[in-house]
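Line by line, the protein sequences are chains A and B. For the first sequence, the residue numbers in the numbering used here are 1332 to 1712. For the second sequence, the residue numbers in the numbering used here are 947 to 1024.
It is possible that some hints are incorrect.
Stretch-level coverage of chain B by chain A, calculated; a stretch enters the list once three of its residues show a Cβ under 8 angstroms from a Cβ in chain A [said to hold, decoys possible]:
#: 1; segment: 963–969
#: 2; segment: 972–983
#: 3; segment: 997–1008
If you only want the chain B side, here are some residues facing chain A, beta carbon under 10 angstroms, derived [as the list claims (entries may be wrong)]:
#: 4; residue: G960
#: 5; residue: G991
#: 6; residue: T994
Here are the in silico distance ranges between beta carbons for each label pair [claimed, not checked]:
#: 7; chain 1: B; residue 1: L1013; chain 2: A; residue 2: A1687; range: 24 to 30 angstroms
#: 8; chain 1: B; residue 1: L1013; chain 2: A; residue 2: E1479; range: 53 to 59 angstroms
#: 9; chain 1: B; residue 1: S979; chain 2: A; residue 2: D1561; range: 23 to 29 angstroms
#: 10; chain 1: A; residue 1: T1607; chain 2: B; residue 2: L1013; range: 25 to 31 angstroms
Because the hints were derived from the structure by calculation, they are not lab data. Glycine included, each C-beta is placed from N, C-alpha and C at the ideal position.
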Amino acid sequence: MTERVVIVGGGTGGTVLANDLADRLEPELDAGDVEVTLINDDPDHVYKPVWLYVPFGQREPADGRRALDELVDEAVDLRIDRVTEIDTDARRLRFDGGEPSMEYDHLVLATGSTLEPDRVPGLAEGGHDYYSESGATALRDELLEFTEGELVLSVVGTPHMCPAAPLEFVFMADDWFRERGLREDVDITYTYPIQRVHGNPHIAEWARPIMEERDIEVETFFNAESVDSDAETVTSMEGTELDYDLLVTIPPHGGVDLIEAAGLGDDGWVDVDKHTLEAEAAEDVYALGDTADTGVPNAGSVAHYQAGVVGRRLASEVRGRPATATYDGKTLCFVETGMDSASFVEFDYETPPSPAPPSEKLHWSKLAYNESYWLTARGLL
Amino acid sequence: MTDIEPDETVDARGAACPGPLMDLIGAIRGAESGDVVRLLSDSEGSLTDVPEWAEEAGNELLAVEELDDHNAFYVEKA
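All chains, please: the whole structure from these sequences, using the hints.
What follows is the structure, given as structure tokens:
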């Protein structure tokens, strides 16, 4: 009997896993013993880190898009459709538009994050973001014209995709305005919801002195409660009001509703064993990337490493062997500290991050990785 | 044991810092003035994070209950 592996979500985690399984299970796929299906609601795969560079006029959103059917191994059945219901008892998925349902033996959820700006009144009208393709291009149009005034970067909530990206944005903006001779006319303020500038204390300790050196104002314990786009003010739950001329926010994030509806976890994140990535509430269900509630950052490198673990575990299960591969929390990030310098961090569940001294070499390493990302998506790197 | 009756309980046990505080902030955001939110956390950081944030935001930390393997924080929204 053919075993059916179904992956929902064609972002980094889902795509790397599909290609990993195509390679790892090649004999079983050739023999028809296994089927691997990847379901995504968009025919394109999107590499979101490109959006950080769009507002500065350095990249185009198209640089981060490729057709999934060009990236995914032909041994994988690619289906462009939207899953509307997960029934873990019947092991069945239902789809938008009354399409026939699909049964699975092994399910992997890699549905990622969604932006929820409407959770804060006025945010959608008054704030810009670079966490969506449309947001990044709209912000580019504003930023390229911006020559003086108050630029406020507000992290509205955590967890959010790429925890380093808010720091990267203000470091890049600071350097970009300096290079253009405009920095004295632009004030930059960074806000963060807790009492330090980043969720990870080691990264916060590293970043705070750089912000002081570069005259980036900081407001901690700032949880945006409302935005008044007419008055151009943002007010926090803690009672602080900031004026802005250009407001850039990291909007609140959530997962997808069908995960909560399926009883797999709250807010669209799946409760998992943080080492095996198996769902706690259902059998034969894995989650990876942003979808897995492991406490590690929502980052592409995490999804990449987790896909390798789930790939090895699924191959063992399909072959009737005990699954022994585990995820150790490995995370790896390049962190831009300007327009031509970057740092680098690597950490896991046991080892805290220790950011490398910023250098031009690390900046070019980040750009080189961005170019070679498509090899990662194909499962080659 | 406290006899405070919470209006809402947020179970953040198992979450790493700053997850429990962010879960509390999310619950307070959706609560009415005068509501009491109980946060369950086994993160050491919550022992400093929660009182500091409650004071900063003007909310009142009514009690911290030490239980076997976690703490319960009772916060009243201002």
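Results of checking the hints against the structure:
{"no.": "1", "hint": "963–969", "in the structure": "holds (count 5)"}
{"no.": "2", "hint": "972–983", "in the structure": "holds (count 3)"}
{"no.": "3", "hint": "997–1008", "in the structure": "holds (count 5)"}
{"no.": "4", "hint": "G960", "in the structure": "holds (8 angstroms)"}
{"no.": "5", "hint": "G991", "in the structure": "holds (8 angstroms)"}
{"no.": "6", "hint": "T994", "in the structure": "holds (9 angstroms)"}
{"no.": "7", "hint": "B/L1013 to A/A1687: 24 to 30 angstroms", "in the structure": "violated (41 angstroms)"}
{"no.": "8", "hint": "B/L1013 to A/E1479: 53 to 59 angstroms", "in the structure": "holds (54 angstroms)"}
{"no.": "9", "hint": "B/S979 to A/D1561: 23 to 29 angstroms", "in the structure": "holds (26 angstroms)"}
{"no.": "10", "hint": "A/T1607 to B/L1013: 25 to 31 angstroms", "in the structure": "holds (28 angstroms)"}
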